[in-house]
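Participant: With the sequences and hints as input, model every part of the structure.
Keeping their order, the protein sequence lines are chains A, B, C and D.
Residue 331, in full-length UniProt numbering, is where the first sequence stops; the numbers in between run on with no holes.
Residue 331, in full-length UniProt numbering, is where the second sequence stops; the numbers in between run on with no holes.
Residue 331, in full-length UniProt numbering, is where the third sequence stops; the numbers in between run on with no holes.
Residue 331, in full-length UniProt numbering, is where the fourth sequence stops; the numbers in between run on with no holes.
I should point out that these hints are in silico values taken from the structure, not numbers from a laboratory.
Please note that the accuracy of each hint is not assured.
Put simply, identical chains are the same to the list, so a pair is met inside one copy or across any two.
[Said to hold, decoys possible] Below, simulated EDC-like cross-link-like pairs (lysine to aspartate or glutamate); rule was C-alpha separation at most 16 Å, straight line: (1) 142 to 61; (2) 293 to 150; (3) 325 to 150; (4) 275 to 231; (5) 142 to 37; (6) 275 to 163; (7) 173 to 161; (8) 73 to 61; (9) 325 to 171.
Number of protein chains: 4
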Amino acid sequence: MNQFGRLLRLSIFGESHGPAVGVTLDGLPAGLALPEEDFIADLERRKGGQQKGTTPRQEEDRPQFLSGLFNGKTTGAPLTMIFPNSNTRSADYEKIRAFPRPGHADLVAAQKFGGHEDYRGGGHFSGRLTVCLVAAGVIAKKLLRGIAVEARILEIGGEPDIDKGLQRAIDAKDSVGGIVECRVQGLPPGAGGPFFDSVESLLAHAAFSIPAIKGIEFGAGFAAARMFGLEHNDAILNAEGQTRTNHAGGVTGGISTGNELVFRVAVKPTSSTPKEQTSWNRETGSVEAFSVKGRHDLCIALRVPPVLEAVTALVLADLLLQEQKIPNIIS
Amino acid sequence: MNQFGRLLRLSIFGESHGPAVGVTLDGLPAGLALPEEDFIADLERRKGGQQKGTTPRQEEDRPQFLSGLFNGKTTGAPLTMIFPNSNTRSADYEKIRAFPRPGHADLVAAQKFGGHEDYRGGGHFSGRLTVCLVAAGVIAKKLLRGIAVEARILEIGGEPDIDKGLQRAIDAKDSVGGIVECRVQGLPPGAGGPFFDSVESLLAHAAFSIPAIKGIEFGAGFAAARMFGLEHNDAILNAEGQTRTNHAGGVTGGISTGNELVFRVAVKPTSSTPKEQTSWNRETGSVEAFSVKGRHDLCIALRVPPVLEAVTALVLADLLLQEQKIPNIIS
Amino acid sequence: MNQFGRLLRLSIFGESHGPAVGVTLDGLPAGLALPEEDFIADLERRKGGQQKGTTPRQEEDRPQFLSGLFNGKTTGAPLTMIFPNSNTRSADYEKIRAFPRPGHADLVAAQKFGGHEDYRGGGHFSGRLTVCLVAAGVIAKKLLRGIAVEARILEIGGEPDIDKGLQRAIDAKDSVGGIVECRVQGLPPGAGGPFFDSVESLLAHAAFSIPAIKGIEFGAGFAAARMFGLEHNDAILNAEGQTRTNHAGGVTGGISTGNELVFRVAVKPTSSTPKEQTSWNRETGSVEAFSVKGRHDLCIALRVPPVLEAVTALVLADLLLQEQKIPNIIS
Amino acid sequence: MNQFGRLLRLSIFGESHGPAVGVTLDGLPAGLALPEEDFIADLERRKGGQQKGTTPRQEEDRPQFLSGLFNGKTTGAPLTMIFPNSNTRSADYEKIRAFPRPGHADLVAAQKFGGHEDYRGGGHFSGRLTVCLVAAGVIAKKLLRGIAVEARILEIGGEPDIDKGLQRAIDAKDSVGGIVECRVQGLPPGAGGPFFDSVESLLAHAAFSIPAIKGIEFGAGFAAARMFGLEHNDAILNAEGQTRTNHAGGVTGGISTGNELVFRVAVKPTSSTPKEQTSWNRETGSVEAFSVKGRHDLCIALRVPPVLEAVTALVLADLLLQEQKIPNIIS
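Facilitator: Here is the structure:
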């Protein structure tokens, strides 16, 4: 299913080489102003082409509103944005169809959908759909008044110096992965709950819906597994729940503590590496060497921060609507 | 919300010191035999008291079936199991109520629920509720014919030798965390989907509903962030999708590949350490030293494997029902 | 699925002759006082035995709280109530098992669940489960402060004089149906929405979950189909939306108007009529005459009003939580 | 919320005078051929203009596929169709904005959404959105192989002779309502369940999402309330569940019996009657006479049959997917 959320319901659709990708957001409060320019910053951050290491494919990437907007503000009805696909070169992909690309969904999609999937450019599995998440996230961030959601790259190719990490990829004629950290300041205590509505459960659910993410950890995360209890525990300082340290990453018992929310995700190296690789050839039935042509990112992690911010903002906005901390009408 | 699943719907309830904890499973196929003895092994694995490092609290921990079972088999109606709480010593907890325990939900629960929460022994936030997950998991495993779900401890207190890790805790008079790995063999390709129904999204959602888990990674996980693309890619060997390596951990594009499913979780050290710690005192309003009395685990990670297996089995059974690979009537 | 609701989630379980029937309510605000005596009135209204025409089966029918209640108030955790089944005479049903009873689910349940269903007394299909709905409704009504939900019988066996209608059944040695009307006063405007969250959609969904209901109409209902537009339209009198007439029954565009909510349901005659009837005999394979023994209602409609009020209150409480008109903490 | 369904998820969006209305269907099996011509018949049936009594507004009403279709077949990814709004005359509506139209959502929408709603032509509340339901229904019908879903008008303005009923409206210079019946042949036994997933609950939920519907009844429906039990009971004839009569309308215990599914809905008269009516004037604050200009149907019930078929097919397809009676891949 391509839907997520309880009160703020997200629904995404589209394929890399179809007419458009798009997103419907249902449950949005009415009265929220959505000037187009407010979408530019995050959409540009997500776009390939600016940074060394990201793909040269350039879509205009401005949302076209099909519904839910009137006089520049949300109406309370479902808001649908689409992003037409204008710059697609399907031929690149046709040539290499014989080889299901390792790391991509080519083969599993064919198995699951009986060969009916749109395989061009990854089809519905394409990272192209993250433009929908980012645009929806811009709206969600607006609902989070006084709350700052910021993701940044911690390391690329194992290097905290990003340029160095990318250079490793360039030198090796290969791709690299990276680690991205997200921090949220100003989140009030009380969002989430124990068990299936824990902040960690919902954020992890949303984060793993971003292609290429293979791990997530909150606060001290995996390092916590090697700490003593006293070392890990965050001493509580006052009635507001402020703590001396923040090894919990801002979530205890599945509920936000009011301290900074901190988590990190691991992004695998781009699967479409420039290097020659091997895969099973559908046509010959044997395992052979091949190369992925087409336009690709040296390091997909570079594009993850605005996407991670987006899904984080969507999850938190949904939780704060449930907490009645975001009103149904914005004024 | 304390519910999870699409076709196989789980709903849990109960508090550590209330009359009982329990679980309702809706959407179960009819005709599945559930002899009581089949629950024993996993429930015993979860129970404290056998192992050095786990709490001496001993509940009988056998499911009482309130509904959904007839002539020893599931009926297709919701199946409810309860576990009465017989062995509770509430007084232990009353004494220390002045101090919201660091690492526990005491303070956030009070904030969120306006002081109405059942605070005895962690109330609804208690690890006691994982008995419900384990029992539900026993049933889910039965639906996964030919599929083996097995979790094991990789390290305790940073040590692959578990006894050594526990000894570190005992020596330090403190608690320790650990890392647990889950592997699933025999999972067919095609379960899950891209985005919000990705196998990773759903398993992570479920795993983070287990108290004390602070990180999860699939396949190479965080290490993938430091690999080159060619190094990380799993070369496809045949039409079945078998791969030479399994850095993806059995999931590509959110969909199971038919290779072994592999993921690891980080478990924080037990928050209720025997050591003296500090917290804000509700009564005096100042930060003071205190000790957590009561019965507690030296290392909660020891009890995680059957719980992790359980939620994994529940997620996979739900996905395979959706794939029509588990029939609605078992014969 | 045996679950309903978005923020206020209801989950029911149990069989007529199993250990107990029960209900879990998740998403309840914390701090709501639930003295046992507040359940008595509605539970007694639902119980058979008092009125001419209802079954002599007498259960104690007082909720046993398994979770979610602490110091007499809701905690914010899932609240589970069970009603043990003490007064069951299964033998009555065994005798007539050869004949799937017309009007009952005997045969469809056997088909759907492959013969694994609990067939005793209708099993999970039994009207016995409405005790769970009524108890949950008592809680929902408490959330609806200043709102009165009242259902009453309009006619029995076609007679507005109820005694007369029952006498028709007694004279005919048969069962009769009836019509029940529900009115809600004090419902604010703004609950619900167009399309799938319309007040009519949700109330109809809930009402048809009550066994034996075969029709529902809002306001003028079926009579509206024979009115002219001008005759049917409710002239609006002021900014609050008060209307001169109320043919819409308090809902326009799927949203509550602030006028009285009015709807009616049709209840079929009890299927277990004392009269001899015919059905296919599983054992002989031929159609034969048989009689339903056991305890049954002459007119099940008599017991519907508190059940209809209950599901109505549950739907409205959920909608008003979404409208942020019921707080998450009751004080 | 503008979403419906469990495995087959429908999400609708758009406003009468916005750029487009549209629908996303998620959970569709892959491999289903969708030639455009297969949409024409039902879309034309729904369109105004052909019949005496329906509005002259003419949209092209052919689906534009944004996603989910490849080589003419469904791919398993979400399928989005839009219907651009080309023929809108907003000025008609601006003039009469002072008067919230009785029977329409004008006032409740303004109350609920704080005046931010798109009020042009009813905005998101418009019957225009039923084109989305009909198009989705065309697809759902294709999934229901061997099952025929047919709705027809039983009466208009109280007259079984439809022309006569419309003439009554024309003579009275007013609008009229009507009754529509839906019959489904070939539905296998076993769809649905007791309580909240009853066939009646789901169909009623869906039917009331169609604007102007104010009542629904299954089988004998309201007439059942005036029957004796023996008269109403449908004698079972064989192991397949075939019955002598069909007062139940094909549903017993919430589950399809395999007999014909039969239900009727009541459609209120078009609220936008040509006659002068009265309403509160927002600008003057007093109740005054006014006339609704614009294009409107004399009898909206005429357009209901394909819409009712559509939502019926969607509900049944979802249930049969759950029953594993529709495969995930169509071949």
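Participant: Could you check the structure against the hints above and give me the numbers of any it violates, in ascending order?
Facilitator: The structure breaks hints 1, 2, 3, 6, 7, 8 and 9; every other hint is satisfied.
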